[in-house]
Amino acid sequence: MKDVRDAAFVARASDGRLIRRPMSPHLGVYRWPVTMATSILNRATGIFLTAGTLMLVWWLTAAAAGPAAFNVVQDFLHGPLGLLLLLGWSASLFFHLLSGLRHLAWDLGYGFAKPGLNPLSWAVLGGTGLATALVWITAYSRLGG
Amino acid sequence: MADHVKIMRSQLGRARGLGAAKSGAEHWWAERVGAAALIPLSLWFVFSILSLLGADQPAVAAWAGHPLNAALLLALILVTFHHAQLGLQVVYEDYIHTAGVRTAAVLVTKGAAYLLALLAALSVGKLFFLTH
Numbered sequence: 001m002k003d004v005r006d007a008a009f010v011a012r013a014s015d016g017r018l019i020r021r022p023m024s025p026h027l028g029v030y031r032w033p034v035t036m037a038t039s040i041l042n043r044a045t046g047i048f049l050t051a052g053t054l055m056l057v058w059w060l061t062a063a064a065a066g067p068a069a070f071n072v073v074q075d076f077l078h079g080p081l082g083l084l085l086l087l088g089w090s091a092s093l094f095f096h097l098l099s100g101l102r103h104l105a106w107d108l109g110y111g112f113a114k115p116g117l118n119p120l121s122w123a124v125l126g127g128t129g130l131a132t133a134l135v136w137i138t139a140y141s142r143l144g145g
Numbered sequence: 146m147a148d149h150v151k152i153m154r155s156q157l158g159r160a161r162g163l164g165a166a167k168s169g170a171e172h173w174w175a176e177r178v179g180a181a182a183l184i185p186l187s188l189w190f191v192f193s194i195l196s197l198l199g200a201d202q203p204a205v206a207a208w209a210g211h212p213l214n215a216a217l218l219l220a221l222i223l224v225t226f227h228h229a230q231l232g233l234q235v236v237y238e239d240y241i242h243t244a245g246v247r248t249a250a251v252l253v254t255k256g257a258a259y260l261l262a263l264l265a266a267l268s269v270g271k272l273f274f275l276t277h
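If you're matching them up, the sequences are chains A and B in order. Under my numbering, the residue at position 68 of the first sequence is numbered 68, and the numbers go up by one with no gaps. Going from the second sequence to my numbering is simple: count from 1 and add 145.
Next comes chain A alone, as it looks inside the complex (with noise of 0.2 Å):
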């Protein structure tokens, strides 16, 4: 032992030995493969969506309370910072909402073979991309452009 720090990597094998725990290495020395993304991101969305829900009860509550209180959440959601977390939002539900079916597949065995691991990543990440445009496009074609 080196360092007092070792101590916490002594520990004893079923058979009773004495064995130093093995050590995982630091995330920094890690390249960055799309699963290890998708993973990580999947939680943030999910972190993000949480915070997501304020705006919807802000949103229900004021609609609740009658037209002027709608027309400050709705001059909010309008404005810069409000379409910016729209966007966020909308992205960030359509990644979890993809990223959570891979998992649920997954759940269920399925998709778990190696080869496929990687397009399957960028299937989700694609998707995402692909129906958050589908959405804004739509919102404002509907507005009238």
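Among the hints, a few may not be true.
Facing chain B, according to a computed beta carbon distance under 10 Å, are these residues of chain A, among others [what the hints assert, rightly or not]: (1) S14; (2) L41; (3) R43; (4) G66; (5) A69.
Derived by calculation from the structure, the hints in this document are not laboratory data. Yeah, the Cβ is synthetic: ideal placement off N, Cα and C, and Gly gets one too.
Given the coordinates of chain A, assemble chain B onto it according to the supplied hints.
What follows is chain B alone, placed relative to chain A:
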């Protein structure tokens, strides 16, 4: 007994069959059931928002006054907040290493999530009964 050498867990830990989390099968399952329910619910929500673009308060109230819309909104609120607090709990359990702080964070998040869900549900109820 040949596998002893490869498994770095205590005999007691192996006999109990539980990891550091102590429990979690129900949590894991509830998170997935919620996720599956949110697939149609969130898609319905996106389509609803698109149909409500530019709508004023009376139009939104009329939309929420439809029983099917109100029911789906309530379902969306319930499942979303349940799924969100389950997900955040896992994040806390991964990154907060002090037991007391972790428990406090989980409890505060659960409390806030259910309060917000009730607030949103009450608003939907008010919008619904405005038109009935």
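Hint check results:
no.: 1; hint: S14; result: 4 Å, holds
no.: 2; hint: L41; result: 14 Å, violated
no.: 3; hint: R43; result: 6 Å, holds
no.: 4; hint: G66; result: 7 Å, holds
no.: 5; hint: A69; result: 8 Å, holds
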